[in-house]
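Take a look at the letters that make up each chain.
2 protein chains.
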Amino acid sequence: MAHMKWWGWGDESTRFTHEDKPALAEFVLEKIDIDCFAPSPPLPAFEDLDLAEPVAARVLLADLTAAVGFDHVTQEPMERVVHCYGKSIRDLVRLRGNDLGRLPDVIVYPGSEDEVTAVLAVALSHDAVLIPFGGGTNISGSLEAPRRETRPVISLDMSRMNSVIEIDVASRTARVQAGILGPELEARLNAQGWTIGHFPDSFNHSTLGGWIATRSSGMQSDKYGDIADLTRGVRVVTPNGLVDIRPVPSTSTGPSVREMILGSEGRLGVITEATVQVHRVPAQRSILGYLFPSFTAGLAAMQEIAESDASPSVTRISDANETQFSFATKKPGGFKDTAQSAALKIFLTKRKGFVLENMCLSFIGFEGSADHVKINKKLVGDIVSSHGGLCVGSGPGEMYDQKKFDTPYIRDFLLDRGGLADVSETSAPWSRLAGLYDGARQAVMGAFDELGVKGFVMSHLSHSYHSGACLYFTFAFKAAPGREPLEQYDVVKSALQQSFVDLGATLSHHHAVGVEHRAWLSQDISEAGVAMVRALFDGVDPGQNLNPGKILPDPDVDLSQSNGHAARVASTQPGAGTSVTS
Amino acid sequence: MAHMKWWGWGDESTRFTHEDKPALAEFVLEKIDIDCFAPSPPLPAFEDLDLAEPVAARVLLADLTAAVGFDHVTQEPMERVVHCYGKSIRDLVRLRGNDLGRLPDVIVYPGSEDEVTAVLAVALSHDAVLIPFGGGTNISGSLEAPRRETRPVISLDMSRMNSVIEIDVASRTARVQAGILGPELEARLNAQGWTIGHFPDSFNHSTLGGWIATRSSGMQSDKYGDIADLTRGVRVVTPNGLVDIRPVPSTSTGPSVREMILGSEGRLGVITEATVQVHRVPAQRSILGYLFPSFTAGLAAMQEIAESDASPSVTRISDANETQFSFATKKPGGFKDTAQSAALKIFLTKRKGFVLENMCLSFIGFEGSADHVKINKKLVGDIVSSHGGLCVGSGPGEMYDQKKFDTPYIRDFLLDRGGLADVSETSAPWSRLAGLYDGARQAVMGAFDELGVKGFVMSHLSHSYHSGACLYFTFAFKAAPGREPLEQYDVVKSALQQSFVDLGATLSHHHAVGVEHRAWLSQDISEAGVAMVRALFDGVDPGQNLNPGKILPDPDVDLSQSNGHAARVASTQPGAGTSVTS
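Chain order of the listed sequences is H and V. First residue of the first sequence? That's 2 in our numbering, and the numbers climb one at a time after it. First residue of the second sequence? That's 2 in our numbering, and the numbers climb one at a time after it.
Heads up, a few of these hints could be off.
Note that identical chains are pooled: a pair holds if it fits in a single copy or bridges any two copies.
[As the list claims (entries may be wrong)] Straight-line C-alpha distance at most 25 Å; calculated PhoX-like pairs for lysine-lysine: (1) Lys-6 to Lys-404; (2) Lys-224 to Lys-351; (3) Lys-455 to Lys-379; (4) Lys-32 to Lys-224; (5) Lys-22 to Lys-378; (6) Lys-6 to Lys-379; (7) Lys-379 to Lys-224; (8) Lys-378 to Lys-32; (9) Lys-404 to Lys-353; (10) Lys-353 to Lys-22; (11) Lys-22 to Lys-32; (12) Lys-6 to Lys-346; (13) Lys-224 to Lys-375.
These are computed hints drawn from the structure, not numbers from a lab.
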């Protein structure tokens, strides 16, 4: 299985371009002052990178080779670079800027749970650091070794462990090895009439083990649940032996070990397999588009749908900015022309009273029998209408469904042109979502002002629950000259994250903690909550050999600035950790 | 708020009797050889109990008084006895037998979170043991101090902390103090049009904090979820300070601290309040009765319903034994006459091909709008029919709904007459339920044979999930003469619990671990899983001051007999701990 390109997201064969999207260049120029037509600088050459010499001792390499075989241990430069980071915007900037951080010294590809056990034993006996690696899509810094790590660093690539071991038809679960990629898993399930129902944006390049280790959530979570709901049983190689949690539907065995593994980011051990819920591929699957006069109206509709007897598979509404961005990325033909057609515009403005710049696009998905889909469309349609919205058919939904995994490529497109784009997402109770939306936008706009840059921020709600929902923010700006781009990025990112915890939301709904979000953990789950996580990690891994530095705040390197909005993750900035002052 | 009677379940004013149930006495005589008409021995007199002197030092009492006020610290004998155990059959036998175990030395009633914090600080500074106490209904031994505990033991009764602090209408959550009893909570919610949707058998006498601390599940869990799903935010006073988990709908903040608190049984701290999901009282609520030709057919129907587009609030099916017991407890008139009427019998046997002794009674609940209820009744009805079942209307369901909280009183009725009755429940994947049902029954019958007693075991399925369900077993027998009743009970209980873990199920679906189930924890969640829980407890409470002895296996007192089926929890037997040999 080929890894993603070392310098950016996804396959070499796929690139985002404005050329087939007539309205995009103007939109980008207007919003963030970037000229899509300007020649983009050449991509960095791999040969120009400065790779530190690996520090692994011969005896360590020999022991690792004994554990997994000669063919599955490597120190090749490309492998080391591919495994040094995830794919956050910080990672992309650092890779392009020849800042490789603390490269792993050796990459190991185990082929079985026994081999994982052997590798962990080797790592512990040599006091090495072990970092599990799935698809490498993480955007929270969960995959990098601490910059100042002096022990040997082993990246444990799980890609060989990609089997669907068995499907329990009666229980509707599949036992699957952790290293399987989303498309592999879905294809093997589909072949027998099943679906995993878990489709995060990273789906094409992320793994089951990665989903579990980061508490991932997918686009149809309203129906199928988050990965925490889908994962029933799990097997984890730990310093104390194999954790084997049975795939029971619910249990009362004290504090949930299953829920300790979920989100553990490699700090408790290596997830080797899981038993996950699967569903029969539904008879019907449909995603309808809706337009709302405002984000407020759309939020109110989603809130009501979540309480109603309706059970949609997807509930998503973009704010006005994201709606406009969505229209700007449309290719000729199709929905854009419909939605922006003169006749529709007149209908929306004259008959429905819409102000077009406030209009919000929504997608709501339905799955099940034909009757179920029909009944639910009616239930949802009535609620949408009562909030001033209207259905615009299945065209936009189909388009959204087809291009949903392409979004991450845009970051590289913008980065080629000096633009920094990133995402931060959170969840909050319904009662707080409107205030969160306003406050988070203000925080980002304030950060743009502080930097003196022209920036853009857009948002959508997705993943509805009984008591609240996820808000997902995307921001982009052209870095100002004369200041490190990542320093500028930190100002915006920190302001956004701080607004989340200040406004009663969580630091992340499904992107994990890693090093990017750890500075906010104690504000989110309280100091005493952090102490519980620390007790767990320290007890299971007293030597800090398992992916150290992730999740728990590190007072030595996380600066919490006294002026409030900019808690920086200093350790991940180039050169940080040597000159930090508070 | 009055506590339950010291010697048994529930209120003094409520007692179970056979006198208004014409068929019951014959049934009991036939099944377990107990004569309901024989005079029952007098209840023990409280004055005859032997209470050890409390060991709390004056300075500890003075500090506790300073923490909560003079009126809220007591060492009264009745208070000490009420707080010494929960209400397991073992507890009832011990109480009636004047075996009070390690009585608490002092009972403290805090009135606020600050007072809880103060009490915990006092307990730690005096190296005392602190055991939180909700309604006292626990049947897994979670409330008793270790028999050999030499430190002062404080029982922290949460009953004064019983407020509904606020209802977040938009988010459909209620912030509630942990000491509130089920009926108080539901009444206050109902008054504003809401329901908690959580109705465990213990509902009338158990508290929100107790539900959370033990991972409780209620009868309408199919719709509302288990307490783990309902609980969004939680506040817990711990040795490291206040754990304050925000009531967000879903989050990606590493290993879930919320899920560490759930099921923690007081070992991590004292739960002071929680923010729980609430729902609008549904427009319609209906529980229908169904009859199936066999338990196998009923299981298959429940499995199919769980995968279908239907979303019932309750799915429950009794096996043939429980169905017969249910018929035997009916009062004159009503459903029993219907179901056993000559005409129905003829219809069932001649037209439907039922063998009456294999017939199984099922209840399925529906809640929501009139349309929703109607649609779901149709979906469920079709599935029931396809498995040979038929609907017998709303009469049995209404009767079940009315008497559902009275079941625990039967244990005292039988105990008065020398009968030992208890329950054990578990959950497993759908594919394992049939084997589990057979194997668990065989284990219990084998234990009866080993003891040479005439016993009865019955079971029902409840709490359906996508991938499995809960199986709930009730067993009863008349203790044989010449051997300690609890020793005999242990043979049966241990055989049943061992069958659970041997057959791929969990040690408990919703009754917690306590001391009763801890001997099976490592077989259930694996040794390395237990090590994680131990790391958490040891890190948070290094002095073992917080409800010590619960959840984690104790090799000193848990005997795992080499012959397989009887792992005994020796520490809870009278006199055990002094003469245990392996």
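Now the hints, each set against the structure:
no. : hint               : in the structure
1   : Lys-6 to Lys-404   : within (20 Å within a copy, 65 Å between copies)
2   : Lys-224 to Lys-351 : neither (37 Å within a copy, 43 Å between copies)
3   : Lys-455 to Lys-379 : neither (43 Å within a copy, 58 Å between copies)
4   : Lys-32 to Lys-224  : neither (36 Å within a copy, 46 Å between copies)
5   : Lys-22 to Lys-378  : neither (31 Å within a copy, 50 Å between copies)
6   : Lys-6 to Lys-379   : neither (45 Å within a copy, 53 Å between copies)
7   : Lys-379 to Lys-224 : both (17 Å within a copy, 21 Å between copies)
8   : Lys-378 to Lys-32  : neither (36 Å within a copy, 54 Å between copies)
9   : Lys-404 to Lys-353 : neither (30 Å within a copy, 54 Å between copies)
10  : Lys-353 to Lys-22  : neither (29 Å within a copy, 66 Å between copies)
11  : Lys-22 to Lys-32   : within (16 Å within a copy, 78 Å between copies)
12  : Lys-6 to Lys-346   : neither (42 Å within a copy, 72 Å between copies)
13  : Lys-224 to Lys-375 : both (16 Å within a copy, 22 Å between copies)
The earlier numbered hints that this structure contradicts are 2, 3, 4, 5, 6, 8, 9, 10 and 12.
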